[in-house]
Amino acid sequence: MSMTTSATIILAAMVAAYIAAKIFKISTELSMLAAALVGGLVGGAGLPARHIAEGAFTYLDICLIFITATLFMNLLKESGGVAFVVRRILKRFHKHKFLLFIMLAVLMLIPGMLTGAGSVTVLIVGGMVATVLGYMGIPKPKAAAIVFVIAGLSAAAPPVSLWAMLTAAGVNMPYVGFFLPLMIPCLVLALLTIFILGWKSKPVDLEQALKELPEPPARMNWLKIVLPFLVFFALVIAGRIWPFDFPIMGLPLVFAFAAAITLLLSPVHIDFLDVSRRTVHQLLPLIGTLTCVGVLVQIMTLTGVRGLISVTVVTLPAMVVILTLFLTLPVSESVLMWGAAPVLGVPLVLLFNTMNLNPVIALAGMSVIWPLGDAIPPTAIIGRLTVETVGMKERYSTFLKYCIIPAVLIILVGTLMVIFSKKLAFLTVF
Amino acid sequence: MIITILYYLLVAFVVFLMGWNLLKSKKWQEEVLYVIVLLPFLLRLLRLK
Amino acid sequence: MIRKTIIITLGLILLVFSGLSFYKSRHLKEPVVIGPGVTQVKKLSEYFPAIKGSANDANVYVLEGAKKGGALLVLGGSHPEEPAARLTTWILTENATLEQGRIFVVNSANRSATTVTRPSGAYPASYTIKTDWGGQTFRMGDRWANPLDQWPDPEVYIHYPTRQNLAYMDIRNLNRTWPGRANGTLTEKTCYALVELIKKENVDIVIDLHEAELQYPVISTIVSHQKGLDVAAMASMVLSDEEFKMGMEKSPLELHGLSHREIGDHTNAVPLLFETPEPFLDATRGRTDEKLLLEGKDEFVVRAGKRGLLFEKIDEKGWPIDVRVGRHCSTILQVLDVWSQDHADKAVALRNVPKYDEVIKKGTGAFLRDPSKADPKLIYYE
Chain A
1 MSMTTSATII LAAMVAAYIA AKIFKISTEL SMLAAALVGG LVGGAGLPAR
51 HIAEGAFTYL DICLIFITAT LFMNLLKESG GVAFVVRRIL KRFHKHKFLL
101 FIMLAVLMLI PGMLTGAGSV TVLIVGGMVA TVLGYMGIPK PKAAAIVFVI
151 AGLSAAAPPV SLWAMLTAAG VNMPYVGFFL PLMIPCLVLA LLTIFILGWK
201 SKPVDLEQAL KELPEPPARM NWLKIVLPFL VFFALVIAGR IWPFDFPIMG
251 LPLVFAFAAA ITLLLSPVHI DFLDVSRRTV HQLLPLIGTL TCVGVLVQIM
301 TLTGVRGLIS VTVVTLPAMV VILTLFLTLP VSESVLMWGA APVLGVPLVL
351 LFNTMNLNPV IALAGMSVIW PLGDAIPPTA IIGRLTVETV GMKERYSTFL
401 KYCIIPAVLI ILVGTLMVIF SKKLAFLTVF
Chain B
1 MIITILYYLL VAFVVFLMGW NLLKSKKWQE EVLYVIVLLP FLLRLLRLK
Chain C
1 MIRKTIIITL GLILLVFSGL SFYKSRHLKE PVVIGPGVTQ VKKLSEYFPA
51 IKGSANDANV YVLEGAKKGG ALLVLGGSHP EEPAARLTTW ILTENATLEQ
101 GRIFVVNSAN RSATTVTRPS GAYPASYTIK TDWGGQTFRM GDRWANPLDQ
151 WPDPEVYIHY PTRQNLAYMD IRNLNRTWPG RANGTLTEKT CYALVELIKK
201 ENVDIVIDLH EAELQYPVIS TIVSHQKGLD VAAMASMVLS DEEFKMGMEK
251 SPLELHGLSH REIGDHTNAV PLLFETPEPF LDATRGRTDE KLLLEGKDEF
301 VVRAGKRGLL FEKIDEKGWP IDVRVGRHCS TILQVLDVWS QDHADKAVAL
351 RNVPKYDEVI KKGTGAFLRD PSKADPKLIY YE
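Protein chains in written order, with this note's numbering: chain A, 1 to 430; chain B, 1 to 49; chain C, 1 to 382.
Chain A extracted, bound-state conformation (with noise of 0.2 Å):
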């Protein structure tokens, strides 16, 4: 039998196990993790034991980095700063629209920023900056197309921007010169989509508006919240201006001091064992994700079945495949979520390589492009969690609708960001 028949039945047994375990309601995680099972099963691996807990390693560090970042971010909401910041926001600026929509999208980008996650811009911000959008009169479907559409931007924008770096890694590229290209179109895009959903909106009841949001302790102040992060961006720039004589700490173990300051800074006495304990809870589908994405890919490089991806993607028309950009990233994300990354950005950015296109663009480009795909099912973990957390009652198709018009400009934008990837290379400084 040649590599490509068998490879070929493989990926077909991993598919049907995926959909069979779909239909029995079982989540996308252990979905994956059965279609990697099967994988092994007819690729004649068996259970292979040290390929599922290599695969499992694969985002060891990444997770580390997810838990410490938010339980930083969790314990700064607990702390009660979250609220405090969007309350000052609103008395400052509740007059000036253009001033509010700026200052609420710049909000809802940082956790994302810090964390590589949508789901946790969604989790902190995301209840009380859809409040906000409430009282400006956008109905909730509008407001939480918002939310999910900046979340998605505040994942893919940088310093952590993980289908940037699980693809880098993938394809030996060192993941440097990103900022820009990454953080430009993020934040554009981000204020573009607040300003076209939220254009129809009415000034702010100021009363009404602090009322109902959650009030902050009386002794949180300003430098309680701004010092953790200060100590954050300071331990990761003296990494950067005295890389010889500065120890390494690495991203987990920098959020886990912000988190220790934040605890230590906190007006008001917090259960950090609570609230640690429901951060793994609630980081779980998350890191699950990540894992059994590794468990699979692993047992797709085992059988075969990667490389049949990869050399069907890079021997399809050049021009094919990013025109159809549109489609295949965020339908990817929707079944592999992270997945979607090593399997098929890796193959993408090999092609672009040998088009002569300049790979961190395009790998910007396609990043901007990926967290779409969070909205749509099956998994649509983002676009649901989005749904929950702003209190939507209206069908779920309605607040896709509102997703429509920022995901054209965002597919847009990705999509000429790799097309001119070379003519944007003067973006890759740092």
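These are calculated hints, taken from the structure and not from any lab test.
Be a bit skeptical, because a hint or two may be false.
Claimed, not checked - Computed cross-link-like contacts, DSS-like style, restricted to lysine-lysine with a CA-CA straight-line distance of at most 30 Å:
1) A:K25 / C:K4
2) B:K27 / A:K393
3) C:K313 / C:K130
4) C:K4 / B:K27
5) B:K26 / A:K77
6) C:K43 / A:K423
7) A:K95 / B:K24
8) C:K43 / C:K68
9) A:K211 / A:K22
10) A:K22 / B:K27
11) A:K211 / B:K27
12) B:K26 / A:K393
13) C:K24 / C:K68
14) C:K68 / B:K26
15) C:K43 / C:K377
16) C:K355 / C:K42
17) C:K42 / A:K422
18) A:K95 / B:K26
19) A:K22 / C:K4
20) C:K297 / C:K362
21) A:K422 / C:K306
22) B:K27 / A:K25
23) A:K422 / C:K313
24) A:K25 / B:K26
25) A:K202 / B:K24
26) A:K22 / B:K24
27) B:K24 / C:K355
All of these numbers come straight from a predicted model, not from anything done at the bench.
On the provided structure of chain A, position chains B and C as indicated by the hints.
For chains B and C alone, kept in the frame of chain A given last:
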């Protein structure tokens, strides 16, 4: 060296939290997922991988 | 409760089986039966005590000729996932004799990286080279040092001393950490120790053995620092004319951390890096197993080649390990030949190393010695 030790402590803390959640969990899918997710953390903690 | 117990038990079984497998491959013993040419076996820590007792305190096999001459350092295992490189050093340490000059051979330059395999890479745990006496098994290894020996990674790796930004995991990549740093990470210290060896032993040429995926433009070639261009050009010309096609490239001035750049910039030695094709490393490879590693045959890589995506030819015959090891052996011999002709006072005259044709004819295994029949005093472990 101290930082490496801090990382092992961090992993141990995560293992403790996940283990605790696993024992408290009432959903089978969640339990399976916790077991899979715990695997790499435990292997690192035991310095096997 | 029963359900939970079953789930946890299954998890523990997975933990035990995988953990045992990782432990076994990490501690797999790789014997070297030193040949007649080896006069001393040193430890790398003799040149830089700070790495004593660490995973990277490698063996340094010293071969000395009766006649004084130049000094050569051969590095295998900079990237242990490139097996032809390490196997070539085995052939040198177990077979070679020297008439003139000195040779230092390090079979496991980044020993830590030999003890781990790449997550999501699906590498086999080990591979076995067939011999008349059965076979010899080697640790598979990875491109990067084991995180058990060096953890955590920074969010960006800043190369010493140039401050060039590199991917975070490359701080564990021996061929990105040259010239090394005395108070750096384990991998940086290892490079520092090797640079100390080069300086203290007055090494004239350093040969860093590698393999590359066919999708990588630097392949089937000698990469040379500007100091060694004459030697590399002549060697590649003679090889292409007499044995097999071999390219030659100049080390880029602005690409830092690599042996062919930094050793040349920071020591008196001439660094050369050899690449052979290894389809096992290609991203489009099909089934990933020991067979692919050693036979180098892959339908998908061939298909990528037909599409013009590769920088080296590949057909149904693939790139078997004997061809790759043979290329390295012949290239070393040819480089020494050219060097010795140009530098009579610093000549290195190497004997009993098979050339390309001989390795292909007899197989790599024919040049590995049976440790069970050897004098135990001659056995060293990597």
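Quick rundown of the hints versus the structure:
1. For a cut-off of 30 Å, the pair hint linking A:K25 to C:K4 stands: about 20 Å separates their Cα positions.
2. Between B:K27 and A:K393, the direct Cα distance comes to roughly 26 Å. Compliance with the 30 Å bound is thereby established for this hinted pair.
3. With a C-alpha separation of about 26 Å, the suggested pairing of C:K313 with C:K130 holds against the 30 Å cut-off.
4. With a CA separation close to 9 Å, the supplied pair C:K4 and B:K27 stays within the 30 Å bound.
5. Taking the CA atoms of B:K26 and A:K77, the gap is about 27 Å. The hint holds against a cut of 30 Å.
6. Proximity of C:K43 to A:K423 is assessed by CA-CA distance (about 51 Å); at most 30 Å being required, the pair is judged violated.
7. Of the pairs offered as hints, the one joining A:K95 and B:K24 is violated, with about 48 Å between alpha carbons and a cut-off of 30 Å exceeded.
8. At roughly 23 Å between alpha-carbon atoms, C:K43 and C:K68 fall within 30 Å of each other, so this suggested pair holds.
9. The straight-line distance between the Cα atoms of A:K211 and A:K22 is roughly 43 Å, outside the 30 Å bound, and the hint therefore fails.
10. Among the hinted pairs, A:K22 with B:K27 is consistent with the structure: their alpha-carbon atoms are about 17 Å apart, no more than 30 Å.
11. Restraint check for A:K211 and B:K27: not satisfied, since their Cα atoms lie roughly 38 Å apart, outside the 30 Å limit.
12. For the hint pairing B:K26 with A:K393, the CA-to-CA distance comes to about 28 Å; that is within 30 Å, so the pair holds.
13. Of the pairs offered as hints, the one joining C:K24 and C:K68 is violated, with about 43 Å between alpha carbons and a cut-off of 30 Å exceeded.
14. Between C:K68 and B:K26 the CA atoms are separated by roughly 76 Å; this puts the pair beyond 30 Å, and the hint is violated.
15. About 16 Å separates the Cα atoms of C:K43 and C:K377, which keeps this hinted pair within 30 Å; it holds.
16. For the proposed pair C:K355 and C:K42, the alpha carbon gap of about 27 Å is at most 30 Å, so the pair holds.
17. For the proposed pair C:K42 and A:K422, the alpha carbon gap of about 51 Å is over 30 Å, so the pair is violated.
18. Using a Cα cut-off of 30 Å, the hinted pair A:K95 and B:K26 is violated, with the two alpha carbons roughly 49 Å apart.
19. Distance restraint check for A:K22 and C:K4: the Cα-Cα separation of roughly 22 Å lies within the 30 Å cut-off, and the hinted pair is therefore satisfied.
20. For the hint pairing C:K297 with C:K362, the CA-to-CA distance comes to about 20 Å; that is within 30 Å, so the pair holds.
21. With a C-alpha separation of about 26 Å, the suggested pairing of A:K422 with C:K306 holds against the 30 Å cut-off.
22. At roughly 13 Å between alpha-carbon atoms, B:K27 and A:K25 fall within 30 Å of each other, so this suggested pair holds.
23. Restraint check for A:K422 and C:K313: satisfied, since their Cα atoms lie roughly 28 Å apart, inside the 30 Å limit.
24. For the given pair, A:K25 sits about 17 Å from B:K26 by alpha-carbon distance, which is consistent with the 30 Å threshold.
25. Of the supplied pair hints, the one linking A:K202 and B:K24 is violated, its CA atoms being roughly 47 Å apart against a limit of 30 Å.
26. Proximity of A:K22 to B:K24 is assessed by CA-CA distance (about 25 Å); at most 30 Å being required, the pair is judged to hold.
27. At most 30 Å may separate the alpha-carbon atoms for a hinted pair to count; B:K24 and C:K355 exceed this at roughly 65 Å.
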